[in-house]
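Colleague: Sequence:
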Amino acid sequence: VKAILEAATCLLSTNGMKHFTTNHIANLAGVSIGSLYQYFPNKESILAKLIELHKEKEFKRVSAIMTRLQENPTCQNSRLEREGNVRLAVKEFINIHAENLELSRILNAQTRELACLLPFRSTTTFLTKLLHSLLDKVDSASRKENYIRAYIIANSVDSLIQTTLLEQPQLLTEARFLDELVNLSIGYLQPR
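Read in order, the letters of the sequence shown correspond to residues 1 to 192 in the UniProt record's numbering.
Just so you know, the hints here were simulated from the structure itself, not pulled from any lab data.
We put the beta carbon where it would ideally sit given N, CA and C, even for glycine.
Some hints here could point you the wrong way.
[Claimed, not checked] The calculated label-pair distances, taken between Cβ atoms and stated as ranges, are: (1) Thr163 x Tyr39: 32 to 42 Å; (2) Lys91 x Glu71: 13 to 23 Å; (3) Asn42 x Ala141: 47 to 57 Å; (4) Ser142 x Glu71: 21 to 31 Å; (5) Glu174 x Gly84: 18 to 28 Å; (6) Gly30 x Ala141: 50 to 60 Å; (7) Ser35 x Glu81: 52 to 62 Å; (8) Leu166 x Val1: 44 to 54 Å.
[Claimed, not checked] Once the Cα atoms are required to be at most 30 Å apart in a straight line, the calculated DSS-like pairs of lysine-lysine come out as: (9) Lys60 x Lys137; (10) Lys55 x Lys129; (11) Lys60 x Lys91; (12) Lys18 x Lys57.
Construct all of the structure, not just a fragment, from the sequences and the given hints.
Modeller: This is the structure:
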């Protein structure tokens with residue numbers, strides 16, 4: 001299975017969907033088409049698995065940063081500390097997609113086609129919960145207000161990154177893009 005998924009990843013990264021067929025995948029993986037079909041009934045199931053693995057990786061990386069910030073709420077005392085922490089989290093979120101830009105772009109587009117948005121939402125949902133918890137520790141607003149703020153900023157940043165990935169992926173590697181996402185987040189997350 002690992003060889004099949006590695007071959008599929010390589011094909012998507014280098015050729016996009018153009019040569020993404022079970023025959024090409026099996027050939028590149030060095031397995032028979034019959035062996036491939038034992039594990040995956042079609043190319044869509046391979047795509048679904050790649051999307052799942054991509055989201056698991058994203059989830060682990062974002063959650064590690066957010067958990068570290070949540071465990072140390074005193075690091076949110078000053079605007080400078082908050083900005084540094086937001087920059088760290090947003091940069092990691094961008095880096096996840098920018099590391100293999102073409103693969104991320106294709107998986108994002110295919111997620112919409114395959115109607116498997118739930119895995120793509122799991123990281124944003126988790127980010128919303130962690131951000132909500134962090135806001136509750138450092139902000140005197142009500143729990144409901146903090147939840148709404150966390151929900152809006154997590155979904156705004158995620159949406160901007162996903163849209164940029166599809167429409168202007170080169171921006172993901174621009175320092176100014178990161179700066180603007182941080183400015184958006186910091187401005188919105190100011191204690192009230």
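Colleague: Give a verdict on every hint.
Modeller: Results of checking the hints against the structure:
no.	hint	result
1	Thr163 x Tyr39: 32 to 42 Å	holds (33 Å)
2	Lys91 x Glu71: 13 to 23 Å	holds (19 Å)
3	Asn42 x Ala141: 47 to 57 Å	holds (49 Å)
4	Ser142 x Glu71: 21 to 31 Å	holds (23 Å)
5	Glu174 x Gly84: 18 to 28 Å	holds (20 Å)
6	Gly30 x Ala141: 50 to 60 Å	holds (57 Å)
7	Ser35 x Glu81: 52 to 62 Å	holds (53 Å)
8	Leu166 x Val1: 44 to 54 Å	violated (29 Å)
9	Lys60 x Lys137	holds (23 Å)
10	Lys55 x Lys129	holds (17 Å)
11	Lys60 x Lys91	holds (15 Å)
12	Lys18 x Lys57	holds (25 Å)
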